[in-house]
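Asks: Sequence:
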Amino acid sequence: MPSEDRLSAGDATASAVTGILRAWLEHIEDGGVRAAFIGEADTDVAPRPPAIKVCASADEARNWVEGQAEAFGVDVAWTDGA
Numbered sequence: 017m018p019s020e021d022r023l024s025a026g027d028a029t030a031s032a033v034t035g036i037l038r039a040w041l042e043h044i045e046d047g048g049v050r051a052a053f054i055g056e057a058d059t060d061v062a063p064r065p066p067a068i069k070v071c072a073s074a075d076e077a078r079n080w081v082e083g084q085a086e087a088f089g090v091d092v093a094w095t096d097g098a
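Just so you know, this note's numbering puts 70 at position 54 of the sequence shown, and the rest follows in order with no gaps.
One or more of the hints may lead you astray.
What the hints assert, rightly or not - Estimated spans, in silico, between C-beta atoms of each pair:
1. 94 / 57: 28 to 38 Å
2. 46 / 89: 15 to 25 Å
3. 89 / 45: 33 to 43 Å
4. 91 / 65: 31 to 41 Å
5. 38 / 76: 14 to 24 Å
Since the hints were derived computationally from the structure, they do not count as laboratory data. Beta carbons: idealized from backbone N, C-alpha and C, even for Gly.
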């Protein structure tokens, strides 16, 4: 699977997230799953591209998102289909 990871809690470019992570999963053509999330802050913040990681399974993708939320100290709000 191609590497498509970008912007995670351990990344120095990640801004402080004070609200929730709005997350979703997308099934991709090669059989993998793309996990993505955006932070929703309690204040107005300029939007950033979503954090993305390509995973082998939906469980792996969910675990990655939940780990990122734990690192930020916020909850996850899954969109439909997650």
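Asks: All the hints need checking, so say for each whether the structure fits it.
Replies: These are the hints, each one checked on the structure:
no. : hint                : in the structure
1   : 94 / 57: 28 to 38 Å : 18 Å, violated
2   : 46 / 89: 15 to 25 Å : 33 Å, violated
3   : 89 / 45: 33 to 43 Å : 35 Å, holds
4   : 91 / 65: 31 to 41 Å : 21 Å, violated
5   : 38 / 76: 14 to 24 Å : 20 Å, holds
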